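Given chain A, work out where chain B should sit, using these hints.
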Amino acid sequence: MPDHTRKDGAKTVAVEYFAIFRERRGCSSETVTTHAATAAGLYAELAGSYAFPASRDHIRVAINQEFKAWDTVLANDDTVVFIPPVAGG
Amino acid sequence: MFRLSPKPFSIKPLRYDFLDSAAGAFATFEGWVRETNDGRAVVRLEYEAYPEMSVREGSRILDETRKGFDIIRCVCVHRTGTLELGDIAVWIGVCAAHRGPAFDACRHIIDEIKLLVPIWKKEYYADGDSGWVGLNGLSSGSC
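Chains A and B supply the protein sequences, listed in that same order. All you need for the working numbering is the position in the first sequence, starting with 1, plus 72. All you need for the working numbering is the position in the second sequence, starting with 1, plus 403.
Just so you know, these hints were derived from the structure itself, not from any lab. Hints may contain errors.
[Claimed, not checked] For the chain B half of the interface with chain A, some residues (derived, Cβ under 10 Å), not all of them:
1) F412
2) I414
3) H481
4) L518
[Unchecked claim] Within a straight-line C-alpha distance of at most 30 Å, the following computed BS3-like cross-link-like pairs (lysine-lysine) qualify:
5) A:K140 x A:K83
6) B:K470 x A:K140
7) A:K140 x B:K525
[Unchecked claim] Reference listing, derived: stretches of chain B covered by chain A, where coverage requires no fewer than 3 residues with Cβ under 8 Å from a Cβ of chain A:
8) 483 to 492
9) 496 to 506
Keep in mind that this is a model prediction, so the values were computed, not measured. No residue lacks a Cβ here, since even glycine has one placed at the ideal position from N, Cα and C.
Bound-form chain A, shown alone (with noise of 0.2 Å):
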């Protein structure tokens, strides 16, 4: 596997996007290098650059397919979805 850490600290990461997050991004996943430290710094990071709600407090994330806390530290290769208000059944 590649070694993705980068001198400066950057890490990169695979974001997936589903449902308002897929429409506001207009794709359904990317590969993002970033310099946040935490799952809440990479929100805040392209929520600055795209349309996504202002407020996380509806919001929850997934790293890795299980539901983790806003303060996670990111790993190097982590796959990152945020999860808009789950509505089945």
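Chain B in isolation, oriented as in the chain A frame:
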């Protein structure tokens, strides 16, 4: 077993899988596409899932239900894609020796799915508008 179905599915074979001489009760829940929501006329729906995580979370809910309730078997199938009025959105089946745990487990499964499984619903309204359910009140930068 929790699975996603991108197409309408037949419930007859699902029921057949529950036949068990130890079972004295079989409870099911079907979620249907309704013609209104919050007073607005709905013409169709679209369900979108995060597939890997939906199956993972849904399977975990079923495993925990099997451990927590006195039941024999439980299954859930959830639709994705475009659904018309009256279509089955979700089907849950539970068999048990007795009716109490079968009803209780069935209710528990649908409640947990609504809270935890990453599936989203977009409603298309008669007036031509559409929107993701549950996103009311989420403000955004520029939309």
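Hints, verified against the model:
For F412 (chain B), the interface hint is violated, the least distance from its beta-carbon to any beta-carbon of chain A being 16 Å, above 10 Å. Restraint check, I414 (chain B) versus chain A: the minimum CB separation of about 16 Å is more than 10 Å; hint violated. The beta carbon of H481 (chain B) comes within 6 Å of a beta carbon in chain A, closer than 10 Å, and the hint placing it at the interface holds. At about 7 Å, the closest approach between the beta carbon of L518 (chain B) and any beta carbon in chain A falls short of 10 Å, and the interface hint on this residue holds.
Between K140 (chain A) and K83 (chain A) the alpha-carbon distance is near 18 Å, which keeps this suggested pair within the 30 Å criterion. For the suggested pair K470 (chain B) and K140 (chain A), the alpha carbons sit about 24 Å apart, so the restraint of at most 30 Å is met. For a cut-off of 30 Å, the pair hint linking K140 (chain A) to K525 (chain B) stands: about 25 Å separates their Cα positions. Here the stretch 483 to 492 of chain B counts 1 residues with a CB under 8 Å from a CB of chain A, which misses the bar of 3, and the coverage is violated.
Remark: the stretch 496 to 506 of chain B is not confirmed as covered by chain A, as 0 of its residues place a Cβ nearer than 8 Å to a Cβ of that chain, below the required three.
When the structure is compared with the earlier hints, violations turn up for hints 1, 2, 8 and 9 and for no others.
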